[in-house]
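The task is simple: from the sequences and hints, build the whole structure.
Residue numbers (this note's numbering): 28 to 187.
It is possible that some hints are incorrect.
[Stated by the list, open to error] Quick list of in silico lysine-lysine cross-link-like pairs, DSSO-like style, CA-CA up to 30 angstroms: (1) Lys159 to Lys71; (2) Lys168 to Lys49; (3) Lys49 to Lys147; (4) Lys76 to Lys32; (5) Lys168 to Lys63; (6) Lys159 to Lys72; (7) Lys50 to Lys147; (8) Lys49 to Lys76; (9) Lys71 to Lys49; (10) Lys154 to Lys76; (11) Lys32 to Lys168; (12) Lys50 to Lys72; (13) Lys32 to Lys71; (14) Lys32 to Lys159; (15) Lys168 to Lys154; (16) Lys72 to Lys154; (17) Lys32 to Lys154; (18) Lys50 to Lys63; (19) Lys76 to Lys168; (20) Lys49 to Lys159; (21) Lys147 to Lys159; (22) Lys76 to Lys63.
[Said to hold, decoys possible] Listed next, with one range per pair, are the computed distances between beta-carbon atoms: (23) Asp136 to Cys39: 16 to 26 angstroms; (24) Ser169 to Ser68: 20 to 30 angstroms; (25) Gln137 to Asn171: 28 to 38 angstroms; (26) Asn181 to Asn29: 53 to 63 angstroms; (27) Gly81 to Lys50: 13 to 23 angstroms; (28) Ile143 to Lys32: 24 to 34 angstroms; (29) Ser169 to Leu131: 48 to 58 angstroms; (30) Ile140 to Leu178: 43 to 53 angstroms; (31) Ala54 to Asn151: 31 to 41 angstroms; (32) Asp98 to Ala54: 39 to 49 angstroms.
The set of hints was computed from the structure by calculation and includes no laboratory data.
None of these values were measured; they are calculated from a predicted model.
Beta carbons: idealized from backbone N, C-alpha and C, even for Gly.
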Amino acid sequence: MNLTKGLEQAVCIMTLLATQDKKFPIASHIINRRLKGASPSYIKKIMRKLVVNGLVTSVSGSNGGFSLTRDPESIHLLEVVEALEGPIVTYPNTGMINQVFSDLGPTADQGEIILIEVFKQADNQYKDYLSKQTLAELICKSLNHQDIPILNWNEKMNQF
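Here it is in structure tokens:
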């Protein structure tokens, strides 16, 4: 399974939003500027997926922008992955096993069932692991801080 670069961009966006002072939504042009080199139309698609999946809210108007819908402690990496990539299903199951081994009858069916189950269990372990990783934990580990720093990305900031 290959995740898209959109996921990396979504993680960056979620991190910006998690560190943003809740009183001030982040303006879309700030997000575009921070994600240098990313297409503004692609960023809009990412933002739409995050909004539709209930992770981000959008406020229109001159003081509008984007904010997280929940605290970073309650947002799990699995939610971000599935918002961008859809449900995690690593085995494509195109029916090829039955096609190639159709002359073996029930053996081919059994082989397909076993392989589907193996990948389903692997997917569940992967999802379980991602569901235990919160946005807050990832940010704190990355910054080597105990708490998430609160910034205002809409203003020119010094590095923290």
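These are the hints, each one checked on the structure:
no.	hint	result
1	Lys159 to Lys71	holds (28 angstroms)
2	Lys168 to Lys49	holds (21 angstroms)
3	Lys49 to Lys147	violated (39 angstroms)
4	Lys76 to Lys32	holds (14 angstroms)
5	Lys168 to Lys63	holds (24 angstroms)
6	Lys159 to Lys72	holds (26 angstroms)
7	Lys50 to Lys147	violated (42 angstroms)
8	Lys49 to Lys76	holds (21 angstroms)
9	Lys71 to Lys49	holds (21 angstroms)
10	Lys154 to Lys76	holds (19 angstroms)
11	Lys32 to Lys168	holds (22 angstroms)
12	Lys50 to Lys72	holds (25 angstroms)
13	Lys32 to Lys71	holds (14 angstroms)
14	Lys32 to Lys159	holds (22 angstroms)
15	Lys168 to Lys154	holds (20 angstroms)
16	Lys72 to Lys154	holds (24 angstroms)
17	Lys32 to Lys154	holds (19 angstroms)
18	Lys50 to Lys63	holds (25 angstroms)
19	Lys76 to Lys168	holds (26 angstroms)
20	Lys49 to Lys159	holds (24 angstroms)
21	Lys147 to Lys159	holds (18 angstroms)
22	Lys76 to Lys63	holds (20 angstroms)
23	Asp136 to Cys39: 16 to 26 angstroms	violated (45 angstroms)
24	Ser169 to Ser68: 20 to 30 angstroms	holds (28 angstroms)
25	Gln137 to Asn171: 28 to 38 angstroms	violated (51 angstroms)
26	Asn181 to Asn29: 53 to 63 angstroms	violated (34 angstroms)
27	Gly81 to Lys50: 13 to 23 angstroms	holds (21 angstroms)
28	Ile143 to Lys32: 24 to 34 angstroms	holds (29 angstroms)
29	Ser169 to Leu131: 48 to 58 angstroms	holds (51 angstroms)
30	Ile140 to Leu178: 43 to 53 angstroms	holds (52 angstroms)
31	Ala54 to Asn151: 31 to 41 angstroms	holds (39 angstroms)
32	Asp98 to Ala54: 39 to 49 angstroms	violated (22 angstroms)
Violation of the numbered hints given earlier is confined to hints 3, 7, 23, 25, 26 and 32; the remaining hints are satisfied by the structure.
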